[in-house]
Amino acid sequence: MMPLMEKAKRKEYLNWPNYLSFLRIILVPAVMICMMWIKPERGPRYNLEIGLLALGLFVIAGISDVVDGYVARRMKINNVFGKFLDPLADKLILLGVLTMLIPIARVPAWLVVVIMSREIIITALRGVAIHEQIVIVASYWGKKKTACQNVGLGGLLIYYPMFGIDLKLVGWFFLILSLVISLGSGFLYVRSFFKMVSQKGSAKG
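Counting in this note's numbering, the sequence shown runs from 40 upward without gaps.
The hints are simulated quantities; they were obtained by calculation from the structure and are not laboratory data.
Keep in mind that the hints are not guaranteed to be accurate.
To be verified - Quick list of the computed label-pair ranges, beta carbon to beta carbon:
hint, residue 1, residue 2, range
1, I215, Q238, 32 to 38 Å
2, M201, R113, 32 to 38 Å
3, Q238, W76, 50 to 56 Å
4, P79, V152, 21 to 27 Å
5, F120, M201, 39 to 45 Å
Claimed, not checked - Calculated pairs, EDC-like style, for lysine to aspartate or glutamate (alpha carbon to alpha carbon, straight line, at most 16 Å):
hint, residue 1, residue 2
6, K122, D104
7, K239, E171
8, K130, E158
9, K182, E171
10, K182, E88
For each residue, glycine too, the CB sits at the ideal point set by N, CA and C.
Please construct the entire structure, taking both the sequences and the accompanying hints into account.
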């Protein structure tokens with residue numbers, strides 16, 4: 040009986056979706072270390088090469104996120120640890136890149152603080168929702184926010200014009216757009232959370 044329980048417990052923590060989430064977490068310091076080599080005084084050509092390398096790692100992390108969700112659905116893996124690890128990996132890669140963009144003057148600190156505050160609040164509420172067995176369906180706008188963030192960060196990682204496209208401008212446009220969507224979707228999530236808590240309290244009463 041015990042070996043079966045232990046095997047089931049290991050499967051809850053050690054499975055392919057979680058391995059992919061661990062990969063994204065490992066890529067966080069890799070991207071950050073790469074970005075440490077970006078030096079404005081070194082010139083566009085040097086920084087463009089480093090930015091492309093950082094972007095490559097960032098794209099791998101994004102692809103692993105998509106594959107993670109696909110594998111979890113195909114294998115019908117749905118557990119508490121996975122629900123914790125997947126968004127944690129997403130937030131770490133997002134906040135890691137944003138933080139490293141501050142010292143090279145590609146984003147202002149206030150923008151990172153606003154985005155970071157929103158992500159921390161929503162992540163904390165998700166943890167409470169899981170504990171209270173409250174299911175809040177991921178909003179349409181939340182997915183749009185993530186897509187805009189990824190495009191925006193990709194543009195700011197490269198930063199310099201390529202193929203006649205001002206990637207700095209593209210990055211800023213999508214990052215600001217993601218900020219607007221982020222605050223809106225965050226408000227909708229908080230509203231849904233407290234609505235569900237209120238309904239659950241009423242049902243118990």
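Comparing the hints with the structure gives:
1. With their beta carbons about 35 Å apart, I215 and Q238 fall inside the hinted range of 32 to 38 Å.
2. In this structure the supplied range 32 to 38 Å holds for M201 paired with R113, their Cβ-Cβ distance being about 36 Å.
3. One distance hint, 50 to 56 Å for the beta-carbon pair Q238 and W76, holds here, with the actual separation near 52 Å.
4. Distance hint for P79 and V152: a CB-CB separation of about 22 Å, consistent with the stated range 21 to 27 Å.
5. About 40 Å separates the C-beta atoms of F120 and M201, a value consistent with the hinted range of 39 to 45 Å.
6. A threshold of 16 Å between alpha carbons decides the hint, and for K122 with D104 the separation of about 13 Å falls inside it, so the pair holds.
7. Proximity of K239 to E171 is assessed by CA-CA distance (about 9 Å); at most 16 Å being required, the pair is judged to hold.
8. Taking the CA atoms of K130 and E158, the gap is about 7 Å. The hint holds against a cut of 16 Å.
9. Only pairs whose Cα atoms come within 16 Å are accepted, and K182 paired with E171 is rejected, the gap being roughly 24 Å.
10. The straight-line distance between the Cα atoms of K182 and E88 is roughly 30 Å, outside the 16 Å bound, and the hint therefore fails.
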